[in-house]
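K.L.:
Quick note, the sequences are listed as chains W, S and E, same order. Using the UniProt record's numbering, read the first sequence as starting at 1 and increasing by one per residue. Using the UniProt record's numbering, read the second sequence as starting at 1 and increasing by one per residue. Using the UniProt record's numbering, read the third sequence as starting at 1 and increasing by one per residue.
If you are wondering where the hints come from, they were derived from the structure by calculation, not from laboratory data. Warning: the hint list may mix true and false statements.
Copies of the same chain are indistinguishable here, so a pair counts whether it falls within one copy or spans any two.
To be verified - Result set (SDA-like, lysine to any residue): computed pairs, CA atoms no more than 25 Å apart in a straight line: (1) 13 with 161; (2) 343 with 167; (3) 441 with 367; (4) 288 with 184; (5) 343 with 53; (6) 13 with 140; (7) 226 with 177; (8) 13 with 269.
Given the structure is predicted, the values throughout are model-derived calculations rather than measurements.
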Amino acid sequence: MADKPVVRRRVVKTGISEERTNSSKVQSQYQPYKDAAWGFINHWYPALFSNELPEDHVEGIQICGIPIVLRRVDGKIYALKDQCVHRGVRLSEKPTCFNKETISCWYHGFTFDLDSGVLSTIVANPEDKLIGTTGITTYPVREVAGMIFVFVREDDFPDTDVPPLSDDLPFRFPENSERFPHPLWPAAPSILDENAVALGMHRTGFGNWRIACENGFDNAHILVHKDNTIVHALDWVLPLGILPTSDDCITTVEDDKGPKGLMQWLFTEKWAPVLENDKLGLKVEGLKGRYYRTSVVLPGVLMVENWPEEHVVQYEWYVPITDDTHEYWEVLVRVCPTEEDRKKYQYRFDRVYKSLCLHGFNDCDLYAREAMQNFYADGTGWDDEQLVATDVSPITWRKLASRWNRGIAKPGRGVAGALKTTSLRFKDTADGMRPGYKVPKVPDEA
Amino acid sequence: MADKPVVRRRVVKTGISEERTNSSKVQSQYQPYKDAAWGFINHWYPALFSNELPEDHVEGIQICGIPIVLRRVDGKIYALKDQCVHRGVRLSEKPTCFNKETISCWYHGFTFDLDSGVLSTIVANPEDKLIGTTGITTYPVREVAGMIFVFVREDDFPDTDVPPLSDDLPFRFPENSERFPHPLWPAAPSILDENAVALGMHRTGFGNWRIACENGFDNAHILVHKDNTIVHALDWVLPLGILPTSDDCITTVEDDKGPKGLMQWLFTEKWAPVLENDKLGLKVEGLKGRYYRTSVVLPGVLMVENWPEEHVVQYEWYVPITDDTHEYWEVLVRVCPTEEDRKKYQYRFDRVYKSLCLHGFNDCDLYAREAMQNFYADGTGWDDEQLVATDVSPITWRKLASRWNRGIAKPGRGVAGALKTTSLRFKDTADGMRPGYKVPKVPDEA
Amino acid sequence: MADKPVVRRRVVKTGISEERTNSSKVQSQYQPYKDAAWGFINHWYPALFSNELPEDHVEGIQICGIPIVLRRVDGKIYALKDQCVHRGVRLSEKPTCFNKETISCWYHGFTFDLDSGVLSTIVANPEDKLIGTTGITTYPVREVAGMIFVFVREDDFPDTDVPPLSDDLPFRFPENSERFPHPLWPAAPSILDENAVALGMHRTGFGNWRIACENGFDNAHILVHKDNTIVHALDWVLPLGILPTSDDCITTVEDDKGPKGLMQWLFTEKWAPVLENDKLGLKVEGLKGRYYRTSVVLPGVLMVENWPEEHVVQYEWYVPITDDTHEYWEVLVRVCPTEEDRKKYQYRFDRVYKSLCLHGFNDCDLYAREAMQNFYADGTGWDDEQLVATDVSPITWRKLASRWNRGIAKPGRGVAGALKTTSLRFKDTADGMRPGYKVPKVPDEA
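Isolated chain W (complex conformation):
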């Protein structure tokens, strides 16, 4: 290599270029987002699928560094901080509920009212003066279309200020059909529609939630999908990438009421699909147009309209668990008015969508997100990334999220993941257990 004269086509500089779109001035406009390693708090997040919490069952999860326990009683779901006030133990590890109104800590019997969270009694110490003077935070719950949502809030966030679930869900149609016309596909359904059925899955992602979130609506990343089976099986025209052609290629939505987010004007003249690159010998071979549109709303919910087929919409969430794990949700929604519709949809989901889309197609995004983790984990990436024109998407998102989030979660304290190096973490890892989302329950006496 040292023998041959170096051929330079242009001026070669390694290091940070002044031509990157994320100048320090731009960066200063999204500093809150850079601070939000543990997530945005005081927002609605999906917690579990309905069928993960049968009647009378208890599950423990963690969101934004907060441990949360859920219990279903007579169909209704309660969510409370999964941390006994006594010695910090997780109630969910060994579910102990003596009646329908309370949940108890299995260790010393501290008992909490499901509705209010107050410490209402202690099993073998019912006169203790601590009773009634403290309690655990409760979290509002909504259950729709087979999904359980929890409003993850700061301890002192008042009930009266809790916004409707719809404020943290994607734009709905046809309400937004005028503002965001969709001549190439029918109105996308919403999880809030009557008879909406949400089918999907969630799994833990090994990286920060923001890195995962930005991948979904980034119009240059679709290159990772060029070899996916479904693309070729269904003969899709999937571009190599899509380029913004004007400054208004993205519209932000910042109404007084409703979700806050951005819409990308895909399949209009504001975005030009790139179907070939002569110099590199690349050319998209598909014949069938595959129209879709992406948008994202706080706290970081992706919507892909008309995906993977007409009358189906794909939602994604990247729910922060800690500062370096998140729960990745992929959900397909379709309105199914009849039982027959539900069966057909479940069948198509099981036979086509799950394997080819949720796994096949989206699995590429999993490793893509993981591939960025080392660069961003120690902060280097947030300073040294060099963004380009197509990154107008994440940049716009970061600024908007910085303006409209309802709170920046503090780092977890006294919870799993607060300290990365506990012996318990190493023990679980030695036993083959990856960092996770749900709390493993203690086994019965063998």
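Based on the hints, put chains S and E in the right spot on chain W.
P.N.:
Positioned in the frame of chain W, the structure of chains S and E alone reads:
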């Protein structure tokens, strides 16, 4: 949830209550205990069972962040710091003893006198000027009833100040029968009694030693045992919990000589067993009284008199290995004057005690201790725990331990566990090896 | 132990002796070496064996905290920084090369010129203003005797200053036969000789590169090999250790040109082999002299002349990956002028050298190095080690390396191993993957 008016029975406050018994004033009385993450040094600790160290064998362990190597020669056991003065290597990894007086480092042949610890020669460098000018710390050893105890001390703690083993073992009977009468059960044996036989096991606990220690004599935690097999098989009356009824429910022992600790006046009017809770629909069904009494002495030794049966006593130790691992010992002691007695006792231990008590019953305590680890590991728990009346037990212990410990171990330096994130730690973990206590020996050339 | 009077042969002191050879004055002469946890940069290092990189293949590795990607095109190898300028992703994870002149990032199509490293285009964004204004560092490559070497440099180290590969390889013979006579064995071959064949292996070592490096030429460590199979099978006289007899037992080489290092005058009167220790009852039984000589040159390359047999030389490298992992190379070199010679050499390597030497003999060195890791990892060892006369070898090396290294690598930023506790690291560990050297490639869609 947001639709229904919130029902409040009492004033709900989340966060720290002023009614907790661990006020800041109380906390200041046990600050030394809060500083003792790596343990109390200059105390006697169990190291191994006798049968874990046959004649001429060598084993390496770690206590209070100090690596220790043991060797048995002609029946006698020597304990020395398991760290070659040269380059810090553990002698125990590849036992190398050329004669009965010394132990050598397998790496460069540095040789230490077993008795004094002095560097007495180097295998291929016997004239080096370092010889005789340095050495490794020695630790007094006592072997009783099938257990090996080591006095784990600071490097400069003089031999002349080494207390008798009995100073760090639980109260003995009948010496203390007058001070602590036991009308409901016969005098509990001691490991120091003639013909005492100690049977049990030790395993690594994944959490700080203090969190483990406090569990054993905490009278409200017995709730975790309510479903244990042995309780129902033997039809025990095991309370839901036990409440203190007076300020002198615990007596501390702080004599000039002898062990320092506390005794709990269980099964007297000073502690009231709670056998039912109407509101929660709980009621203890057992018929057979099961009398026992707990006490704890420095450095953190639990005694359960009359457990699990008459004439048997249970001891527990929570020996600090690092600040987040400890070795948990469960030992049952019985005096067996004849060989026939020994056989019967060994048989009952193998057939009943080991599975139903040491595993079945005590396994609950294992997960209970682990369940507290995340809350305390980053310090949150030490500040934010909210203790109640029954916590007079750990609070008294913490204050007493703060007054009477013989030294607070410094954080380990240059030893396993000092740095939690070495590649060696990750390699072992990848290979399925949990954090442990004993040093794995290097394999022979395959 | 407390009963028996302590027998002291000499004054026993634990702790740091004033007689250690690494006094603070001596230590100050190698402070740069103490700072070089991540390695010496701007040096030639082995990257892969030639057969690990077939035509058109791509591999990712890491050296001195720098991720490096290699690609072979028409027989020629290119090495570039394995970190896309966009969002830090490793190009090697999913090799994507659209032509013979470039390598692309599989994520967003950023495309780099192999020769210059410049960002020459972006697959679906060929007009972006970032193009041509930045790029990734290139690294000179040399391929000899079946090994691929890379000059790992700082980003701004000029091409014109890149030294020849021979400057970072051991002393050659017969060029140095006058300066370093070898009456007892024939001139050792070099990897740079015509028809030189290098056979060997590389594997990841779990510890800092410096700790590994110092083991190889330390004349007192050979004690660990006393029980190795090959020693007894071939009836070697392998000393218990070798002692320096004069101050000039080591000669440093610090010529204007050429490698910088040290030569040890083994098998001259300057080093006395120790074959027995009466006091400890040790005596070497071998009959056949086994003559060899060790030397080491920057950046830390060991040469063992005449090992394991005449006309064969052993080289070792300890290539820093991070501050606590290194890639350990063991390579045997022989000049094989004919195809017949190659076959015979390969056969002897497969049948004898690989199992008895590279594994059997050298495996002892693996655990010896790991055994030091805890002592040095948190810095304790660098301060508290107590060196002796035989440590003139590592001490001389440390001083020389401090004088002649071409740069001290900065800690890795935004790369694997910069942060030890990422969830990705724990996930891989849970899956049984040890910390490594090569980048695992993303699997194809299943």
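K.L.:
Are the CA atoms of residue 13 and residue 161 at most 25 Å apart within a copy, between copies, both, or neither?
P.N.:
Classified as between; 18 Å across copies, 52 Å inside a copy.
K.L.:
Should residue 343 paired with residue 167 be assigned to within, between, both, or neither, using CA atoms and 25 Å as the limit?
P.N.:
Classified as neither; 30 Å inside a copy, 73 Å across copies.
K.L.:
Using 25 Å as the alpha carbon limit, work out where residue 343 and residue 53 are close: within a copy, between copies, both or neither.
P.N.:
Only inside one copy: residue 343 and residue 53 sit 22 Å apart there, 52 Å across copies, limit 25 Å.
K.L.:
For residue 441 and residue 367, with the copy left unspecified, which applies at a CA distance of at most 25 Å: within, between, both, or neither?
P.N.:
So residue 441 and residue 367 pass the 25 Å test across copies only (10 Å; inside, 29 Å).
K.L.:
First find the shortest C-alpha distance between residue 13 and residue 140 inside one copy, then the shortest across copies, and answer within, between, both or neither for a cut-off of 25 Å.
P.N.:
Classified as between; 17 Å across copies, 53 Å inside a copy.
K.L.:
How do residue 13 and residue 269 come out at 25 Å by Cα distance, when the copy is not named: within, between, both, or neither?
P.N.:
Result: close neither inside a copy nor across copies, 34 Å intra and 56 Å inter.
K.L.:
Quick one: residue 288 to residue 184, C-alpha cut-off 25 Å, is that within a copy, between copies, both, or neither?
P.N.:
Result: close within a single copy only, 13 Å intra versus 78 Å inter.
K.L.:
Is the C-alpha distance from residue 226 to residue 177 at most 25 Å within one copy, between copies, in both cases, or in neither?
P.N.:
For residue 226 and residue 177, the Cα distance exceeds 25 Å both inside one copy (30 Å) and across copies (60 Å).
Checked against the numbered hints above, the structure breaks hints 2, 7, 8 and satisfies the rest.
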